[in-house]
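*Asks:* Chains as they are written, first to last, in our numbering: chain H, 1 to 464; chain F, 1 to 188.
Don't take every hint at face value.
Quick list of simulated restraints, FRET-style, between CB atoms [stated by the list, open to error]: (1) H:437 <-> F:147: 48 to 54 Å; (2) H:413 <-> F:160: 48 to 54 Å; (3) F:180 <-> H:397: 49 to 55 Å; (4) H:413 <-> F:142: 38 to 44 Å; (5) H:431 <-> F:147: 38 to 44 Å; (6) F:12 <-> H:431: 49 to 55 Å; (7) F:28 <-> H:413: 42 to 48 Å; (8) F:13 <-> H:60: 49 to 55 Å; (9) H:431 <-> F:158: 50 to 56 Å; (10) H:188 <-> F:142: 54 to 60 Å; (11) F:114 <-> H:155: 56 to 62 Å.
Just so you know, these hints were derived from the structure itself, not from any lab. Bear in mind the structure is a predicted one, so any value in this text is a computation, not a measurement. Glycine included, each C-beta is placed from N, C-alpha and C at the ideal position.
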Amino acid sequence: MSQQNLNFDYKFGFSMPEKNVFKAEKGLNGKTVSDISHMKKEPDWMREFRLKAYDSFKKRKMPKWGANLSKIDFDNIYYYIKPTEKQVNSWTDLPKEIKDTYDKIGVPEAEKNFLSGVSAQYESEVVYESINKELDKRGVIFCDMDTALKKYPKIIKEYFGTLISPHDNKFASLNSAVWSGGSFVYVPKGVKLPMPLQAYFRINAERFGQFERTLIIAEEGSFVHYIEGCTAPIYTTASLHSAVVEIFVKKGARVRYTTVQNWSHNIYNLVTKRSIVDEAGIMEWVDCNIGSGVTMKYPTVILKGRKSHGEVLSIAYAAKGQHQDAGAKIYHIGPDTTSRIISKSISKDGGRTSYRGLVQVSPGAKNSKIYVSCDALIMDKLSRSDTYPHMRINEKDCEVQHEATVEKLGEEKLFYLASRGIKKPEAESLLVNGFIEPVVKEIPLEYSIELNRLIRMEMSGSVG
Amino acid sequence: MKFINLNQTKQTKLVFDKPGDYTVFFYNLSGTFDFSIKASGVNLDILGLFVGIKSEKFQLKTNQYHMSPNSTSNLLIKGVFDHQSKFIYQGLIKIEKTGQKSHAYQKNKNLILSEKAYIDSKPFLEILADDVFCTHGSTTGKINEESIFYLKSRGLKQKEAKKLYVTGFVQEIIDKIRVNQPNFNLNI
């Protein structure tokens, strides 16, 4: 992708102390929505899409099930902030404050090491994006969503919002109305990317809601692994993160989507993720929820084509004040489809984890096989763990298996480790890391090391 | 050992406030059934059997509430569904903070015999205590073709083989009751 196309000028900005070029007013109304669209110089259809979504958002009631969302104040959120005037493609061009934040979390090292392309999101725009020539050579498109809308309007119009309708749920409507940033990935027929695509997401202003929008299209026989990792600094007031991710897996293609989410504990993380899989395609969600105060996220796989396969592997960790309400949804529509859900959750210091899942076998999904396994660990008396699976079976010729266990850390194991001279906090973190191992081993090395360290830190208060 | 047949006693809210062994059984019952364990040393078996034919529809909710420590509850629901029968099941194990050292199990196994049968199963867990062991499992499937093939190779006709298979599937429940109630008989 050439640099020129990323440098579209913004004339509307004015300078804020935080160096934000444009900050929409707090709260949401029809005008804010069309202002955002105008600001981004979007085509008419997108503006109408946003406005329609906004109508639905107003009409929709808050979900009555799941986590407690009553504290979200939609009027106290900035729906759009544009941080710098244009995208920059080299590290030295970035403003100092942004660079400092990134230095602390180590984007440049990560990039030097192995990244194929880093799309770092600071506030609501992608400000730093470096794209490997490799991707260009293979015809792979990897850019932020706003650029994609300008450069590839036809393909965006064809897919955008077709899998997750702007009327799907209240938060998908909200995202559709005010979305900003996110990634667009297009992998042409037969291209198998050997390296994962990564995007770092950060939220960095108080009371700021982040509404990124991601669309991944994997053409016939292709393969791509997309990774999003999140860390965010601590704020004083609650923020909202509400993303929408749509993934199209064509015939024989395979997409793996890995999330390592570690938002600060005052963030509401309400995400709609869905994928549709054609014949013999494979969709895998690897989802690690460590941070955020409230998470509601149920990655979905629609197995439409014959012999398609879906997988959701997840880890949830809830400490004091956190509620991780996560799970998976799998719809078996085509025959010979298979799926697997593995969920591991840990609750500690009064945290609450809930697994909420749906498996549906529609008439005609002959010879389909489903395996669901949810394991939960409760670390102390204050914590809580729930399991809410749902199986709807409308086909005779299928096998559905579900199992769940809830338990505490084994006394014998702790005793054994203690007898070996390992202190209790270390022993606990060792056992917890062992417990989540089946999912962690599916994550690329760099992330699994990070995750193990994170768990160790959460468990014993120190990394060592 | 106390045996409670819900088809006869018509109870829907059962409270177990004295230690001991209990077996609760029900057959083709719709409704909501609460099992509240309010004493330590309760050992409760809950056995449910469903056989659905034609357009029968069963809506079942079971709640296992553990309010006291050191008790065990073990639920097993088995169902065979033919024709357009429907089975809608929601099971809950709830361990309150006061229910430390509870063991609670919940299992739902279904056999589908017809294309048009519909099964909706929601086995829920809500655990508020840490020193517990809880599991639930749910399986739904068809008749194992290999078993039928084996029986046919032994000279049984398709219909007989299927009948034997289904009887065997149901028998698990009957056998569990007969351990303590040798005269128990269910005429289906």
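*Asks:* The structure should be examined with respect to each hint, and the outcome stated for every one.
*Replies:* Results for each hint:
1. Remark: the range hint 48 to 54 Å for residue 437 of chain H to residue 147 of chain F is contradicted by a beta-carbon distance near 36 Å.
2. Between residue 413 of chain H and residue 160 of chain F the beta carbons are some 50 Å apart, a value that agrees with the proposed interval 48 to 54 Å.
3. Checking the proposed 49 to 55 Å range against residue 180 of chain F and residue 397 of chain H shows it is violated: the Cβ atoms sit about 38 Å from each other.
4. About 40 Å separates the C-beta atoms of residue 413 of chain H and residue 142 of chain F, a value consistent with the hinted range of 38 to 44 Å.
5. The hinted window of 38 to 44 Å between residue 431 of chain H and residue 147 of chain F holds, with their beta carbons roughly 40 Å apart.
6. In this structure the supplied range 49 to 55 Å is violated for residue 12 of chain F paired with residue 431 of chain H, their Cβ-Cβ distance being about 42 Å.
7. Checking the proposed 42 to 48 Å range against residue 28 of chain F and residue 413 of chain H shows it holds: the Cβ atoms sit about 44 Å from each other.
8. The hinted range of 49 to 55 Å is not satisfied by residue 13 of chain F and residue 60 of chain H, whose Cβ atoms lie roughly 37 Å apart.
9. Distance hint check for residue 431 of chain H and residue 158 of chain F: the Cβ-Cβ separation is about 51 Å, which falls inside the suggested range of 50 to 56 Å.
10. The supplied range of 54 to 60 Å is broken by residue 188 of chain H and residue 142 of chain F, whose beta-carbon atoms lie about 41 Å from each other.
11. Between residue 114 of chain F and residue 155 of chain H, the C-beta spacing of about 45 Å breaks the proposed range 56 to 62 Å.
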